[in-house]
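Working from the sequences, and respecting the hints, build out all of it.
Residue strings, one per chain:
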Amino acid sequence: METSLILQNVLTPPVLFFFLGTIAVLVSSDLEIPAPLPKLFSLYLLLAIGFKGGVELERSGLSVPVIAVISAAIIMSLLVPIICFLVLRIKFDVFNSAAIAAAYGSISAVTFLCAESFLENQSIQFDGFMVGALALMESPAIIVGLLLVKLAGPKNRPNSKVIRFKAILHEATLNGSAYLLLGSLIIGFLTAAHNPAGIEKMQPFTGKLFYGAECFFLLDMGIVAAQRLPSLRKAGSFLIGFAIFMPLFNAFLGVFVAKALELGPGNALLFVVLCASASYLAVPAAMRMTVPEAKSSYYISTTLGLTFPFNIVVGIPLYMGLVNQMIPGAT
Amino acid sequence: METSLILQNVLTPPVLFFFLGTIAVLVSSDLEIPAPLPKLFSLYLLLAIGFKGGVELERSGLSVPVIAVISAAIIMSLLVPIICFLVLRIKFDVFNSAAIAAAYGSISAVTFLCAESFLENQSIQFDGFMVGALALMESPAIIVGLLLVKLAGPKNRPNSKVIRFKAILHEATLNGSAYLLLGSLIIGFLTAAHNPAGIEKMQPFTGKLFYGAECFFLLDMGIVAAQRLPSLRKAGSFLIGFAIFMPLFNAFLGVFVAKALELGPGNALLFVVLCASASYLAVPAAMRMTVPEAKSSYYISTTLGLTFPFNIVVGIPLYMGLVNQMIPGAT
Amino acid sequence: METSLILQNVLTPPVLFFFLGTIAVLVSSDLEIPAPLPKLFSLYLLLAIGFKGGVELERSGLSVPVIAVISAAIIMSLLVPIICFLVLRIKFDVFNSAAIAAAYGSISAVTFLCAESFLENQSIQFDGFMVGALALMESPAIIVGLLLVKLAGPKNRPNSKVIRFKAILHEATLNGSAYLLLGSLIIGFLTAAHNPAGIEKMQPFTGKLFYGAECFFLLDMGIVAAQRLPSLRKAGSFLIGFAIFMPLFNAFLGVFVAKALELGPGNALLFVVLCASASYLAVPAAMRMTVPEAKSSYYISTTLGLTFPFNIVVGIPLYMGLVNQMIPGAT
Amino acid sequence: MKRLDLIFGERELDPMLEILETAQVPGYTVMKHVTGRGPERVVSEDMEFTGLGANAHVIVFCEEELIDKLRENINSILGYYGGVAYVSEATPL
Amino acid sequence: MKRLDLIFGERELDPMLEILETAQVPGYTVMKHVTGRGPERVVSEDMEFTGLGANAHVIVFCEEELIDKLRENINSILGYYGGVAYVSEATPL
Amino acid sequence: MKRLDLIFGERELDPMLEILETAQVPGYTVMKHVTGRGPERVVSEDMEFTGLGANAHVIVFCEEELIDKLRENINSILGYYGGVAYVSEATPL
Ligand SMILES: Nc1ncnc2c1ncn2[C@@H]1O[C@H](COP(=O)(O)O)[C@@H](O)[C@H]1O
Ligand SMILES: Nc1ncnc2c1ncn2[C@@H]1O[C@H](COP(=O)(O)O)[C@@H](O)[C@H]1O
Ligand SMILES: Nc1ncnc2c1ncn2[C@@H]1O[C@H](COP(=O)(O)O)[C@@H](O)[C@H]1O
Ligand code: NA
Ligand code: NA
Ligand code: NA
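Residue numbers (the numbering used here), protein chains in the order written: chain E, 69 to 399; chain H, 69 to 399; chain G, 69 to 399; chain Y, 42 to 134; chain A, 42 to 134; chain Z, 42 to 134.
Hints listed in this document are in silico derivations from the structure and should not be mistaken for laboratory results.
These numbers come from a predicted model, not from an experiment.
Each hint should be verified, as a subset may be incorrect.
[Said to hold, decoys possible] Each computed BS3-like pair below joins lysine-lysine, with the alpha-carbon atoms no more than 25 Å apart:
| hint | chain 1 | residue 1 | chain 2 | residue 2 |
| --- | --- | --- | --- | --- |
| 1 | G | Lys107 | E | Lys107 |
| 2 | Y | Lys43 | Z | Lys43 |
| 3 | H | Lys302 | H | Lys363 |
| 4 | A | Lys110 | Z | Lys110 |
| 5 | A | Lys110 | Y | Lys43 |
| 6 | E | Lys276 | E | Lys107 |
| 7 | Y | Lys43 | Z | Lys110 |
| 8 | G | Lys107 | H | Lys276 |
Shown next as structure tokens:
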């Protein structure tokens, strides 16, 4: 059944455009989407996801189950990096292990919205408040990553004076992408509460346009992911294995938590995807600044070059199959 | 009542996104919208405002009241800079006074469209032909500003040979933003007259998308405005006071004219906002070229750093209150 | 009758925005659309044209008449450059003749979509599968151009080692614009076949937005075309004549073929426009790389500075008149 | 050979290039969207969308005598609108 | 006069400019969106949309003694985060 | 140390960087979206969206002997496609 789900997933415009980008690099077409156009789409998607999530959050209200899911998500973003760190230490030093671990504890908004598109495509219902979890999983993972460096790293790190805890916290909570996502969520919430007509008027921009913009952005992501492949090969087979098996493991963890939380299949999938996805926006920015000892090509090429494609192409349908098996009454 | 109007205004997506941008700078988040993306939105908004205005102008026809309003607007754009100049001369030299004065005689298209959004939000009717006034208020203010320099400035200005009157006129009428606004207005007019089906087909782009694009642009404007604050502080308290009280004074002037013209409350508000707003596109471009003796940080930081935020956050609802009180039968 | 068609064509938003851009340059307004914004619209249009074409192609199926049209189009893209080459050799060397000839054998996607807009405006029916022809006419023209250099050019070209046939084929088939157009076409086809709901969700982006984005892009094209005029004048009157009469001649050729294929008036016009238009994306890229001996200002200024404006302003309605006369039952 | 680096407001680009063309420089290179700070003004990235424009950085490789021909006209523009111009040594590869 | 060329990660731009301001340089010019390769990392164009950021190229024209004042602080940043700094001769036009 | 400035068509960037890599330069910096005029062609901003592409400006700081190793290959590309290459002195900060 998973095979059919995978096929159904692959034959949707977002995934097809992702492939189009990937193949462009592999056959060395000169197709390129010059900077800062990817940034435009990236900002747009964060704004739209946040806004829509905020509207839904206001509609569902901050009820006990909503708070429970969000809290569980935050706990996962604290737990996952610690597990990843222990695995990574087998092969890597403290700096690289912590930086990669933080990326896997955090999330990828685009993976999340691919999962939403997948659910819509399958006509499976899910709740908009899951975006609240998305918005709150970036910062904790970053903080755990930096604490791991502090605790496990060499005591007198050269130049470590440069890193003050305040700067870490600042970077963790106020980096551009986390800030825009959370801010748009709050704006969506306030608009839904006080100016419902405003939602209607935002709809063509944040709603209707979304799917197409997602496709355009995934075209670029396909290019970018494929460009990471050479440095991924250099990074070695341990990291390649990690970039595929760790998401699977995190997805397993996520399914158990989702089951414990009694989430419906749609929300369960989104929860699992949050656990299984890895950050290529907020975390690399924070790690570059606070742990420059780590090789940026490691954490960028694993998250963007392998885990991201894996998740959006086969991961999401695979996790759906998992959810269907583990959560009774899902199908 | 104004307080409730202000609150209603603040809790709309455009103003909230403006705040999101402002706060990003204040908490030093690294959120940024790299060039030339703001230019994309700025061009888009001018094109869409102009096109829609032209369509409305064709529908309402160039009747006597329409011509009266537009003429009154042009007269205001000649009068306001002279008043501003006299006030500014208390503290500033001729060059800076003239440059700032020209900015306040001219208009801000984004403030205008925030006023339109406000009216739509309040379900108050207004006419699209007001955009005609918007399009024709930029050039006169620039010309007055430059005449003030010629008349009040030192007789033998060094290098003044560089400034020929033809160049001034050219800059005043053909600068990119004025040209695009007026050109799109004419295109809208012609399309409405000869190809009504074309309007329908433009609608998703110039109509539906507009509100969301406005929000995105205001996010950037919030960032830009907040970045102007340090140089505003350096500019001193006289200029800070000017940037708030002058719009209020100009708004008062505008209300009287609107009353004399017997405008309805919606059109009256738009007229007032045209008087009270200040330019940060066309005028700075012209002043930079023709009056380089003026400090650009003065006219940019006042218009963009203070008058613009003041107008879109508290000014518009305040002026609405004023209109409601002064114009009988408004509410 | 053609005059009225021309007037009807001129008074549509896309053509009016094209004029607005052209006039901006002629009156030296400083209106500009900075890079990479034109690239954004260019990528968007290719993606949207391709996607919609693919959807239509799937709907109509790869029937015999469809294959016949597409084959005829490919043959025209092989034949036209040879004729152009012979004409150009009167005045130019082999390199320049081949490069310009290749451009005229290939197509301009924007001219094609202006023709589609024209047909929609005239309520004349046409088939989406014509995009298939569009997508397949770029590569053959490039290959013919390069073969002409090989065959007619000096036997021991200096540095000619640099040009390998593989590189030519690569450039001809995998240049960014051809790749994106064809790729999006395939994606549209696959989506229509396997995920019809996906088409619905793409519609606001690839469908609704299209007309407005086309107008914005044509504003830029107007600027770019007008900027080419000085170098066009330098290029001399032979090339100026060529840039207008060659498309007319190719259009004539095209009408005969369309008649032979028994195309309806809509499809016939599109076929003619494919023959009459010249490339300014794929072909210049390929020629710059493989025939650097040719002056790029020649092939860019003729295609972009003259043939393109000629086609979208008077060419399309003229060709429509031609089709109406030549193809029985067309009106 | 000499290398001339000019940095000034984007809006003065056209007259500056005209000066270069009039003096018949063999070529020039232009980088736009440049920001910076001089003795007078801060030019930041958001200047680009306001009417002020960012800076342009122009590089000219040319013979020493051309530099002398250019000096007066360039300094007249820079003196009025702001900006800097520096000359250094350069050898063709 | 000297010309100082600094090339380093865009994300270190603010502290770098602070160093320049503190030393009271007469001005500086910034080019962003620069890519490249150094001994450690490849910086490609798509870094811009990920959190990593591209490089910045900063040019400072100033007196020799200012260069000496700047050396230590600049090298401390470059040593930690990567990047290069080179000095050459330049004469005002 | 030497500073090498290369300015040429963006579309030749990949082969040019390959030449630099083969010669094992310690690093390089790339600025794209550069325009200009040379003896042959005007490269304007709108070239970027047509297939022609704008120019790239590449800077390499390296030892003198590397410059000698690079000369022939670079000049072969520049000779065929156009562009300029200049060398000047530079001292690490
Ligand atoms: N000493 C300097 N070093 C490098 N760039 C400078 C220097 N002074 C001025 N600039 C550049 O020249 C531009 C215009 O300077 P200004 O003279 O303030 O109008 C600034 O924005 C800087 O980009
Ligand atoms: N030898 C060099 N020549 C020119 N640019 C260099 C050189 N080495 C490093 N860079 C630039 O400095 C940036 C940072 O280098 P790094 O972090 O030291 O690897 C690179 O991305 C290049 O843009
Ligand atoms: N003398 C020069 N000084 C500065 N840049 C130049 C010069 N000559 C050529 N260039 C640059 O090199 C590019 C290619 O030149 P070309 O040799 O005409 O193909 C031009 O577009 C300019 O950017
Ligand atoms: Na995760
Ligand atoms: Na005003
Ligand atoms: Na053709």
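- Message: For a quick check of understanding: which of the numbered hints are violated here, in increasing order?
- Response: The structure conflicts with hints 4, 5, although it agrees with all the remaining ones.
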